Amino acid sequence: MGQLIGALAARLAQLVAMLLAVVLLCFAAMQALPGDKAVQLAVARHGERAGEDGIARASRDGGFDRPVAAQFADWAGQVLRLDLGHSLVSRRPVVDELWPRLRVTLIAGGLSVLLGVLVGVPLGAWAGLRPGGVVDGAVAVAAALFSAVPAFLLGLLLVMLFAIRLGWLPAAGGGTALHWVLPICTLAVGFAAPLARVTRQAVVEAWGAFPVTFGRLKGLSPVRAGLRHGVRNAAIPVVMLTGLRFAAVIEGFAVIETLFNLPGLGDLLVRALVSRDIPTVQAAALLFGLLYGVVGLVLDAACAAIDPRRRLRVHPA
Amino acid sequence: MFRRSFTFLVGAALAGAGLTAAPASADERVLNVVAPWQVTSLDPADTGYIAARMGIAETIIGVEPDGKLVGLVASGWTLDDDRLTWRFPVRAGLRFHDGTPVTPADMIAAIERARASGETLAAVPIASISAEGSTMVLKTTTPFAPLPAFLTDYAAIVLAPSARGADGKIAAWIGTGPYRVTAIDGDRSVDVAAFDRGGAMPAVRRARYHAVPQGETRASMVEAGDADVAYTLLPAAVPRINAGSRAKVQSITIPRARVMPLNVGLPIFADLRVRQAINLGIDRAGIAAAVLRHPPSAATQLLPPILADWHNPALPPYARDVARARTLLAEAGWKPGEGGVLHKDGAPLRFTILVLANRPELPPMAAAMQAQLRELGIDMQIRTGPGSIVPQAQRDGTFQAGLVGRTYVNVPDPIATILPDFTRDKTVWAQSGWINAEIRALVPEYIASFDDARRAALRKRITEILHAELPVIPVSWFEHTVAVSTRVKPVPIDPYEQRYLIDRMAWAN
Numbered sequence: 001m002g003q004l005i006g007a008l009a010a011r012l013a014q015l016v017a018m019l020l021a022v023v024l025l026c027f028a029a030m031q032a033l034p035g036d037k038a039v040q041l042a043v044a045r046h047g048e049r050a051g052e053d054g055i056a057r058a059s060r061d062g063g064f065d066r067p068v069a070a071q072f073a074d075w076a077g078q079v080l081r082l083d084l085g086h087s088l089v090s091r092r093p094v095v096d097e098l099w100p101r102l103r104v105t106l107i108a109g110g111l112s113v114l115l116g117v118l119v120g121v122p123l124g125a126w127a128g129l130r131p132g133g134v135v136d137g138a139v140a141v142a143a144a145l146f147s148a149v150p151a152f153l154l155g156l157l158l159v160m161l162f163a164i165r166l167g168w169l170p171a172a173g174g175g176t177a178l179h180w181v182l183p184i185c186t187l188a189v190g191f192a193a194p195l196a197r198v199t200r201q202a203v204v205e206a207w208g209a210f211p212v213t214f215g216r217l218k219g220l221s222p223v224r225a226g227l228r229h230g231v232r233n234a235a236i237p238v239v240m241l242t243g244l245r246f247a248a249v250i251e252g253f254a255v256i257e258t259l260f261n262l263p264g265l266g267d268l269l270v271r272a273l274v275s276r277d278i279p280t281v282q283a284a285a286l287l288f289g290l291l292y293g294v295v296g297l298v299l300d301a302a303c304a305a306i307d308p309r310r311r312l313r314v315h316p317a
Numbered sequence: 318m319f320r321r322s323f324t325f326l327v328g329a330a331l332a333g334a335g336l337t338a339a340p341a342s343a344d345e346r347v348l349n350v351v352a353p354w355q356v357t358s359l360d361p362a363d364t365g366y367i368a369a370r371m372g373i374a375e376t377i378i379g380v381e382p383d384g385k386l387v388g389l390v391a392s393g394w395t396l397d398d399d400r401l402t403w404r405f406p407v408r409a410g411l412r413f414h415d416g417t418p419v420t421p422a423d424m425i426a427a428i429e430r431a432r433a434s435g436e437t438l439a440a441v442p443i444a445s446i447s448a449e450g451s452t453m454v455l456k457t458t459t460p461f462a463p464l465p466a467f468l469t470d471y472a473a474i475v476l477a478p479s480a481r482g483a484d485g486k487i488a489a490w491i492g493t494g495p496y497r498v499t500a501i502d503g504d505r506s507v508d509v510a511a512f513d514r515g516g517a518m519p520a521v522r523r524a525r526y527h528a529v530p531q532g533e534t535r536a537s538m539v540e541a542g543d544a545d546v547a548y549t550l551l552p553a554a555v556p557r558i559n560a561g562s563r564a565k566v567q568s569i570t571i572p573r574a575r576v577m578p579l580n581v582g583l584p585i586f587a588d589l590r591v592r593q594a595i596n597l598g599i600d601r602a603g604i605a606a607a608v609l610r611h612p613p614s615a616a617t618q619l620l621p622p623i624l625a626d627w628h629n630p631a632l633p634p635y636a637r638d639v640a641r642a643r644t645l646l647a648e649a650g651w652k653p654g655e656g657g658v659l660h661k662d663g664a665p666l667r668f669t670i671l672v673l674a675n676r677p678e679l680p681p682m683a684a685a686m687q688a689q690l691r692e693l694g695i696d697m698q699i700r701t702g703p704g705s706i707v708p709q710a711q712r713d714g715t716f717q718a719g720l721v722g723r724t725y726v727n728v729p730d731p732i733a734t735i736l737p738d739f740t741r742d743k744t745v746w747a748q749s750g751w752i753n754a755e756i757r758a759l760v761p762e763y764i765a766s767f768d769d770a771r772r773a774a775l776r777k778r779i780t781e782i783l784h785a786e787l788p789v790i791p792v793s794w795f796e797h798t799v800a801v802s803t804r805v806k807p808v809p810i811d812p813y814e815q816r817y818l819i820d821r822m823a824w825a826n
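These protein sequence lines are chains P and Z, in that order.
When we follow this note's numbering, the leftmost residue of the first sequence carries the number 1, and every step to the right adds one.
When we follow this note's numbering, the leftmost residue of the second sequence carries the number 318, and every step to the right adds one.
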């Protein structure tokens, strides 16, 4: 128990250190970006109507004319008070900007990961159980094809087929459940393809490994031997890939969001970077760091639960 | 049938996540309006045009598609004999969407808010604004004839006092227009419903504004039948949409121009002959046909014919003349040099043009111009960048040339754009270093003049000077493309882009 608390405390300390590093790096990166921030903010606000007055106002609002140290002290102080400030473009609290988009990203990303797992794992396992067979060949070809097709191209093809040609689904936008189908499917296919390949390989290796062979020598059926001695070993890379994918979707999928007009975090971050909306960029970076850390913790815990050897390696007695 | 079943299944799957909207009742059709501009904030100085276009909020004065100024929140206007005192009575019985009556104080608040934002109305020399009964009285320090036109500025949409939040900033769009806001979903959509203003209700009772920045996505939505009216389409998408059965594209030329502002302070551009040569080297007809796919967009002068008062048919139209361009360059002392580029005093005829990437047609236009100017021996380097690339270069002094879209109807009188672009030492989007004493005298005189004949003469002279001096080189006018679903009758298009006129639209069946 003491070991567990110690390990947890160590990981939390790592997380805090990482967040601190993210804060510092992000602030430094924003300061280092080229260009006049006031001009970029004014253009983001007013477009081609941005004039000298608008630029001066943007400079005041953003505090760009103040010393860098003072800007950082202000922001760090806000963060410590759990206040992420206001967006310089929308003038709304950054939290109000982030939350709806985080919700969109987590739900679309989460459902796409779930769908990818539901498709990729069974297909990969089926192929791995009969290596060299027809299913294995078909899965290999499909996985290679869909891994190679860029997400935006796949999305466009799906739009052309299901929205424009068949008229079954909306091309983009929001408001109904149907609007979520194409972006989720686009992301899911892009994930299911590599997942099927990893699953297939993991199953081939696990089923050919000594524990499963030994189980069969003991008289267990191939299925029972595999389920008892192979699944845990095969699950590790699948869980790792799924976790990494989920971590990746946290930061948004800007291309898919743009293509389907989905208001997620990726779109917000790109727009905030272009407009030099520093409070939004910094808050988003902090959020990403936090979520990445949490996902990492969950992933480690999941792997440790699946594979007892990892617990022993992490905490040697 | 499939779509309904699919909706049910997917709806059931996502309902728990709260991702589904309440289904619309069958008799409440929603007009889906798609346009590129996101509702980045509710500040009228930023996005008041969306509120105005959707018919949510109105300005004090408006403009009809034929260019005629009309009262919106004000019933009209009068000018006292002193030429300084303007009176704008509130339209009788006008109420905000929250039910409160509109007062002159609301108009005053709108003007003061817009002036504080430093936009167009800041140019008006206001001495005082006050209320007299139900009339707003505005006095200027000097005669300012285009004042009614300036009051069409969207930054000055009139909003109810309850539209302000606790911090005094605009927190809601509670206006006087034919539609009231029913929901705003982040920066992507605004739902509106017809507002009973006492007269006949609009045929379209409900509408939704979708902000879709990506041009290809807007086109896909039109092709899929998800958009009833879609504004600002990519030229390449127009034939595709017209080839389908779900929508047709309407197109008109509007008072915007794609122009090439120059830093006339640079030695190469200080010579008028070089500016003229560049102007003669551009094949506008080819660009309009091949890149824009809208031949009428080829600019023959700065302002298009739809601005009847300002378009000057007497001006010789711009046209490509390579031989004349070469002659001008030779007269200016430019001689063939290394790499086919003209040289003078050992320096090449080379400059960098900054191209805004946020308008997807501009980079290919710049590429075409680059090839055309190369034939003359002019080496035009292209640098694309975000919308801030030009104002940033203007500020840091590195600006040489640009390719930008410029509207001449922020308000319905182009003088509001000509004033900052051609009479000030420092500009943001226009030329740099061009000081023309005559223009600087003519523009204030035009603003102060109430004599129609004199104003016409001043307009003529101003356009002549800009046409001849070329501080900015017009390349094309803008084509306003609107895809209209077959579910909707052909829609009126406002060339001034002030309103979508949804209240004048009707369903086809």
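Any given hint might turn out to be false.
Said to hold, decoys possible - Chain Z residues, not near chain P, derived (Cβ > 12 Å throughout):
#, residue
1, L401
2, R432
3, A433
4, G503
5, V566
6, R573
7, P613
8, N629
9, D696
10, S705
11, Q709
12, V745
13, L775
As the list claims (entries may be wrong) - Covered stretches of chain P (chain Z as the covering partner; in silico rule of three or more C-beta atoms under 8 Å from a C-beta of chain Z):
#, region
14, 17-28
15, 64-73
16, 126-137
17, 143-155
18, 218-230
To be verified - Label pairs and their computed distance ranges (CB to CB):
#, chain 1, residue 1, chain 2, residue 2, range
19, P, V16, Z, R522, 34 to 44 Å
20, P, D83, Z, P584, 17 to 27 Å
21, Z, P612, P, D83, 30 to 40 Å
Quick caveat, the hints were computed from the structure, so don't treat them as lab data.
Here the structure is a predicted model, which is why all the values come from computation and not from measurement.
Yeah, the Cβ is synthetic: ideal placement off N, Cα and C, and Gly gets one too.
Looking at the structure, which of the earlier hints fail to hold? Numbers 2, 3, 4, 6, 10, 11, 12, 14, 15, 16, 17, 18, 19, 20 and 21 - these are the hints that the structure violates, sorted from lowest upward.
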